[in-house]
Amino acid sequence: MLAYLAKKIVYTLLVTIGVASLIFALFNLIPGDPARMVLGQHTDSASVKAARTDLGLDLPVGIQYLKYMNDLSPISIHNPTNQASNIYLDKTIYGNTKPLIRINTNRVIVLKAPYLRRSYQSRQPVARIIAATLPNTFYLAIVSIAFATTLGIGMGVLSAVKKDSLLDKFFLVISAMGMALPSFFAAILIGWIFAIVFGNITGLNLTGNLWVIDDLGEGVHLQLKNIILPALTLGLRPLGVITQLTRSSLLETLSQDYIRTARAKGLKYSTMVIKHAIPNSLNPVVTSVSGWFASMMAGVIFIEYIFSWKGFGFVMVNALNSYDVPLVIGCVLTISIIFSIVNLIVDILYALLDPKVRLG
Amino acid sequence: MVLLLLVIACKPNRQNGNALVFRYNESKGITTLDPAYARNLALIWPVSQIFNGLVQLSDSLTIEPAIAKSWKISDDGLTYSFTLRNDVYFHDSQVFKGGIGRRVTAHDFVYSFNRILDPLTASTGLWVFNALDVDDPSYSKGCRALNDSTLELRLRKPFPPFLGLLSMPYCYVVPHEAVLYYGKDFGRNPVGTGPFYKKLWRDGEKLVLRRNPKYFECDSSGLRLPYIEGISITFIPDKQSEFLEFLNGKLDFLSGVHTASKDELLTRNGNLNPKYAGRLNMLTGPYLNTEYIGIIADSLLLKDRMSVLLDARVRKAIALGFDKTRMMLYLRNNLGFPANNGFVPTGLPGFGTPTYGVGFNPKLATELLAQAGFSNGVGLPEITVSTTDDYLDIFEYIQHQLGKLGIRLKIEVLPGAAYRDMLANGKLTVFRGSWIADYPDPENYMACFITSSFAPNGPNYIRYSNPLYDKLYDKAMLCSSYIDRLTYYRQMDSLLVSNAVVIPLYYDKIVRFVSTRIEGMTVNPMNFLELKNIKIKR
Chain B
0 MLAYLAKKIV
10 YTLLVTIGVA
20 SLIFALFNLI
30 PGDPARMVLG
40 QHTDSASVKA
50 ARTDLGLDLP
60 VGIQYLKYMN
70 DLSPISIHNP
80 TNQASNIYLD
90 KTIYGNTKPL
100 IRINTNRVIV
110 LKAPYLRRSY
120 QSRQPVARII
130 AATLPNTFYL
140 AIVSIAFATT
150 LGIGMGVLSA
160 VKKDSLLDKF
170 FLVISAMGMA
180 LPSFFAAILI
190 GWIFAIVFGN
200 ITGLNLTGNL
210 WVIDDLGEGV
220 HLQLKNIILP
230 ALTLGLRPLG
240 VITQLTRSSL
250 LETLSQDYIR
260 TARAKGLKYS
270 TMVIKHAIPN
280 SLNPVVTSVS
290 GWFASMMAGV
300 IFIEYIFSWK
310 GFGFVMVNAL
320 NSYDVPLVIG
330 CVLTISIIFS
340 IVNLIVDILY
350 ALLDPKVRLG
Chain H
0 MVLLLLVIAC
10 KPNRQNGNAL
20 VFRYNESKGI
30 TTLDPAYARN
40 LALIWPVSQI
50 FNGLVQLSDS
60 LTIEPAIAKS
70 WKISDDGLTY
80 SFTLRNDVYF
90 HDSQVFKGGI
100 GRRVTAHDFV
110 YSFNRILDPL
120 TASTGLWVFN
130 ALDVDDPSYS
140 KGCRALNDST
150 LELRLRKPFP
160 PFLGLLSMPY
170 CYVVPHEAVL
180 YYGKDFGRNP
190 VGTGPFYKKL
200 WRDGEKLVLR
210 RNPKYFECDS
220 SGLRLPYIEG
230 ISITFIPDKQ
240 SEFLEFLNGK
250 LDFLSGVHTA
260 SKDELLTRNG
270 NLNPKYAGRL
280 NMLTGPYLNT
290 EYIGIIADSL
300 LLKDRMSVLL
310 DARVRKAIAL
320 GFDKTRMMLY
330 LRNNLGFPAN
340 NGFVPTGLPG
350 FGTPTYGVGF
360 NPKLATELLA
370 QAGFSNGVGL
380 PEITVSTTDD
390 YLDIFEYIQH
400 QLGKLGIRLK
410 IEVLPGAAYR
420 DMLANGKLTV
430 FRGSWIADYP
440 DPENYMACFI
450 TSSFAPNGPN
460 YIRYSNPLYD
470 KLYDKAMLCS
480 SYIDRLTYYR
490 QMDSLLVSNA
500 VVIPLYYDKI
510 VRFVSTRIEG
520 MTVNPMNFLE
530 LKNIKIKR
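Sequences listed follow chains B and H, in order. Taking numbering that gives the first Met the number 0, the leading residue of the first sequence gets 0, the next gets one more, and so forth. Taking numbering that gives the first Met the number 0, the leading residue of the second sequence gets 0, the next gets one more, and so forth.
Bear in mind the hints are in silico, worked out from the structure with no lab data behind them. Built from N, CA and C at the ideal position, the CB exists for glycine as well. Treat each hint with caution, since some may be false.
Below, computed lysine to any residue pairings styled on SDA-like, alpha-carbon distance capped at 25 Å [what the hints assert, rightly or not]:
#, chain 1, residue 1, chain 2, residue 2
1, H, Lys198, H, Gly457
2, B, Lys48, H, Met520
3, H, Lys249, B, His220
4, H, Lys261, B, Asp43
5, H, Lys426, B, Asp43
Counterexamples of contact, computed for chain H against chain B with all Cβ distances above 10 Å [what the hints assert, rightly or not]:
#, residue
6, Thr82
7, Phe95
8, Asp184
9, Lys198
10, Tyr226
11, Glu228
12, Ser231
13, Gln239
14, Ser240
15, Asn280
16, Gly284
17, Met305
18, Gly372
19, Ile435
20, Glu529
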């Protein structure tokens, strides 16, 4: 287990370095100048030069890359005599850093928290932006996947048990619709119906976050109801997938020899389904749920956009549009780390659910 | 689960329903409140509520006193002396002694202007002070405070629009204490002198500004401004959701019309849909923004030295070949004026009536094409025009109209960043461009095409170089009177359109929808949001 974990951590590190390098290279290859994106319609040479220096774009690309990787790495090399390099001493940027080895008077190796730099557009530390938005997307994903999983498994089980019944057909239609409906359309439709047309009855808002600031800025209030519509919309597609997967997987399990044996031995049908068939048919569902969860973290953009849910996906798309390189790299790195962690959890879950699976 | 959702949903919204708060949405988001980076309207609107400058613009674009109560310009047009009010205070903040805002002095302006000029600030408004004589040792980068209430600015050479330039947000006064204290985070913690101060800001959620009780301006009856308690700005990114929230009464103000809601809010002719009369007010007026087609017409700069675009007759045929009036009616519900004059838009004094512009004349276009050797477009190669996707409908219309004359147009849609980069580096021969006035003087438009503004150093993306044009510009800069300068501006403008290197498409229009509970909202050609004078009905 430990060896497996170590292997996974090394793998995650390599992916992180690879992803950061790839995005860095991409932004240098495709046309577009981040300095011009932070300027307005006036792009005289002095302004462009000042912006390039401010963003660190005046250096050769190779040096820019090495400096970025140095900032990103927990173990980095700095020059304590150079004001631009010894920012590792600034606790507001790196937190608690510790010089490990002093090579000579102007080279020191430092242990620090990875520094993702500041956004080109807002000049905010990238880590602060991600920390402020990631939890919102996470809550949204958790609530919607919980909604989709509980309802999806329930609908799938009922569909399989009552195969070819009217209920089965109804659930199949619902799940097909859930999968087919484009999320931006579903979001507008659901928002319009529940927040605008029946807004007075449901009491739901079209836009808003978990924490709502009043118009005078005097207080921040928890508004749990604001998660309902975005989570419902986000959960529609996984709901369809989970329902169908559960149904087909359970039907397959029910046709297995050991089920027939259990039935022949006189086990009650409901006990057999709940105790034997359902647990054994959940493996593909777990794979699907984990896959959906990871992609939800990355792909809730339409939902966040329409319901104005202050999440991570929206920040990333904005960063891409405005050529905000540090923010894009920060976001993609976060997603890749989330994917790695989710994969790790899924692997462990597999091992727990199916004794035939061994880690390593 | 359903029960739980219902219980959660039935909790009432905790909003200050009766508060006198003006609520609007900024779909583009707000990245900073530091005036040094106020480069677009999304930033200028909140920044101008928090800060003040020496002068300010009225709705009719005249320059009026703000922190400066009076000013004098030397006869040679080089020295500007400002006498400041002595009752202007910064907002209360922890950066000041005892947390109480101190009085604004001329030294604060010297600091603020020098800060913009410092390359380390990397202000997007560095260009604003290009006119200052930064080399005169008796001034600090062209500025000096003679005492607490007298500020003197020294120019390199006469620049008559300078006073208008000082109305820009880049020239707002900031306290050095706050800039030093917050460093790069000053934009998150602004301290100014304006009618509102920042109360709370949660990125991407809400920005709340509250009334500054010590604001220095009063109305004609001596009542201290502003009248309202605060401003609440949300950041709903989706225009459709923003529109629904506006209709739902959760926003007081909507600026511009999105394609999706255009036909719901407006009639074909651009008037307010009668079903909203009584609920909403619609305000419109000219906006100092010109949308145009730019053409590089210099054989030394074009890859194809034999390009048909070098022939002024072909360029003119393009300009004459499409009907701008119908274009505005069909595609913009008349929310814009067909650009039948020059590059300077309607809205600037002296440019209201078309005098030298190019209208729709397909007959003349056909004749010009024939004269150029391309009768009915035979033999004329395809012309590529580059744009971003938000103007695609306009270019599809032009493509269709020019197609009737035999001019084949190929539309190249580019992503914003690539478009800007290629434009600056001269890689686009025919392109869609726009220019929004920074300050209310035609010089701002005319300076776009002087030789020294060649891209990438300036906005002369068509690389237009005409000694006569440059000479007229220099002459205009020697006239202190607007009326005198107007003669030169008009000559320059007519040169641009007669050469058809710039084909103006339309002059923009401001359109604002305001809830009827708001009183006193106005529009001005700079599209500034003036909230200190509005009132809210309870």
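For each hint, the structure was consulted:
1. Lys198(H) to Gly457(H): Outside the cut-off at roughly 38 Å; violated.
2. Lys48(B) to Met520(H): Distance ~40 Å between Lys48(B) and Met520(H) Cα, so the pair is violated.
3. Lys249(H) to His220(B): The given pair, whose Cα atoms are some 17 Å apart, holds under the 25 Å limit.
4. Lys261(H) to Asp43(B): 36 Å, violated
5. Lys426(H) to Asp43(B): Judged against 25 Å, a Cα distance of about 18 Å means the pair holds.
6. Thr82: Label holds. Min Cβ-Cβ 30 Å, cutoff 10 Å.
7. Phe95: Holds: least Cβ distance 21 Å, greater than 10 Å.
8. Asp184: For Asp184(H), whose nearest Cβ neighbour in chain B is about 8 Å away, the distance does not exceed 10 Å, so it is violated.
9. Lys198: 4 Å, violated
10. Tyr226: Tyr226(H) is indeed farther than 10 Å from all Cβ atoms of chain B, at 15 Å.
11. Glu228: The claim breaks: Glu228(H) does not keep its Cβ more than 10 Å from every Cβ of chain B (closest is about 7 Å).
12. Ser231: 4 Å, violated
13. Gln239: Its Cβ does come within 10 Å of chain B, the nearest being 6 Å, so this is violated.
14. Ser240: Violated, since 5 Å does not exceed 10 Å.
15. Asn280: 21 Å, holds
16. Gly284: 21 Å, holds
17. Met305: 27 Å, holds
18. Gly372: 35 Å, holds
19. Ile435: 7 Å, violated
20. Glu529: Per Cβ check, Glu529(H) is outside 10 Å of chain B; nearest 20 Å; holds.
Violated hints for the displayed structure, listed by number in ascending order: 1, 2, 4, 8, 9, 11, 12, 13, 14 and 19.
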